[in-house]
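Residue numbers (my numbering), protein chains in the order written: chain D, 1259 to 1613; chain B, 4 to 154.
Hints in this document: simulated from the structure, not taken from any laboratory.
One or more of the hints may lead you astray.
[Stated by the list, open to error] Per label pair, the in silico range of CB-to-CB distance: (1) D:G1509 with B:V17: 14 to 22 Å; (2) D:L1374 with B:I15: 30 to 38 Å; (3) D:A1333 with B:L32: 54 to 62 Å; (4) D:A1303 with B:L8: 41 to 49 Å.
As the structure is a prediction and not an experimental result, all values here were calculated from the model.
By construction, the Cβ of each residue, glycine as well, lies at the ideal position given by its N, Cα and C atoms.
If you want the building blocks of each chain, they are given just below.
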Amino acid sequence: VAHGYVTVGWNRQKRLYDLWAVGGVLAYLATFTLVSLRADARAAADTAVLRALGTCAFALLHVVLSIGPLARLDARFLPLLYNRRHLGVLTFLVALAHGTFVVLQYHALGVVNPLLHVLAGESPMGGVAGLPFQVLGVGALAILFLMAATSHDFWLANLGPATWKRLHMAVYLAWALAVLHVAAGYLQSETDALPAALAGLGVAWILVLHLAAGWRERALDRDLAARGNLKVGAGSGGFVDVCSVDEIEEGRARVATLAGERVAIFRHGGAISAVSNVCRHQNGPLGEGRVIDGCITCPWHGYQYRPEDGRSPPPFTEKVETYRVKLAGRRVLVDPHALAPGTRVEPARFEERSP
Amino acid sequence: VIRSLRARHRAIFVLLAVLVPAGYAAALLDRRAPPPASVWPGEGLPGASEGARRTVMWSQVELLTEIARGDDGALRVRALSWSEPAPPGLALYWSAVDPAGDLPDGARFVGALGPAAREFTLRDVAGGGWLVLYSLGHGETLGALALAEEG
């Protein structure tokens, strides 16, 4: 849970995550460079490093873009999501190193200003391959810079999660530009079929993964909405019959779509509470989290909220919307109208059945 | 709010699923065959001492070359030095016709000049032709050297 401004809230997990990421990048760069030099006696070391950096940034971008949908499709990938932003910043840094090498090697020795020369986008190729691939790369790098510069919780808190998410969707444009940059640049002079095949597989992987996750979420939304809408009982005062108490595992939640938004209904110690399914931090799915130490805990980054009022425990100040809850026998009824974030709602209590 | 973001994400990827593969495929289909590479001599230039050694003033780069015709008829070119700073992406081409101005169609790529790339072998150029110095970075011809004398 955020408190005040800190550059990076380091902990053991983050250090380990970053250590693996940086170690992996260095190992890749060394391996690619050495293999390139051994495979082609004519290859110059600076060109091998340049290509190692470019392919590394391209591969890292694919990894970063895979984590989100993978975590939606399979909870076992959630640990990768924990520090994804550091991986994004690392991607930008590797891409920046690639861009710097390119400018020094191909654009810095002429009479024209090197940066202007890059933007001039000269290409000896014609037709589609005559796309100014340098400009496409500069565009992708500029977006990655914007993502990295605004990745800190400072910007998340000031812009708000929704605006921040909208802004960071620009990474998909960066990916598209990077793919075209590679296709219209590097792959034009590469006669080996393997790089083109690998890049094509990467494109297919990202598209299939995101479309599959998107469609799964849409199907889930429709299913949850249909179940919720069908169960608005007469005489229930507008409350929606969501499920039975016995269908919710202790310390866990059942998610329902009410009035178009997902609501997480938690069972905790003989009581039922309902809060928004959306974490204030990065819009993580609270309903997929657990109640730990009496607090609902987001599965993405561990942000915590009290079930009865949706507020983070002091000294933290985050709060989410709450919903009124009541029981009809062992049926859980939820008012679909959200209350203001942090509004206290008395939990609906029930008798625990002896096993 | 989250639902609208999810809908936007779906719409973006439907669009990308059409545009990105189309752009990728178009770029690959438009690829041109790479220029034939020169044969890289592993050792020095056999018979180089018998060849002409001359300093050639290109338009922007003072390129010192050593050119010799080997016993097998192949023309061997060694770039001894060139003035710095030089335009980026220095490359040598061989052309059968006088490359007045732009790089002629059908010019044959000999090799790129660099710290580790200084020696090249040209085969099947018995008729002479021109050695062309070209800047890949600037996309311009820097000069040409008639090879008739070495033929």
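Hint check:
1. D:G1509 with B:V17: 14 to 22 Å: 38 Å, violated
2. D:L1374 with B:I15: 30 to 38 Å: Between L1374 (chain D) and I15 (chain B), where Cβ atoms are some 32 Å apart, the hint holds.
3. D:A1333 with B:L32: 54 to 62 Å: 41 Å Cβ-Cβ, so the 54 to 62 Å window is violated.
4. D:A1303 with B:L8: 41 to 49 Å: Once the Cβ atoms are compared, 45 Å apart, the range 41 to 49 Å for L8 (chain B) and A1303 (chain D) holds.
Hints 1, 3, counting from the list given before, are not met by this structure.
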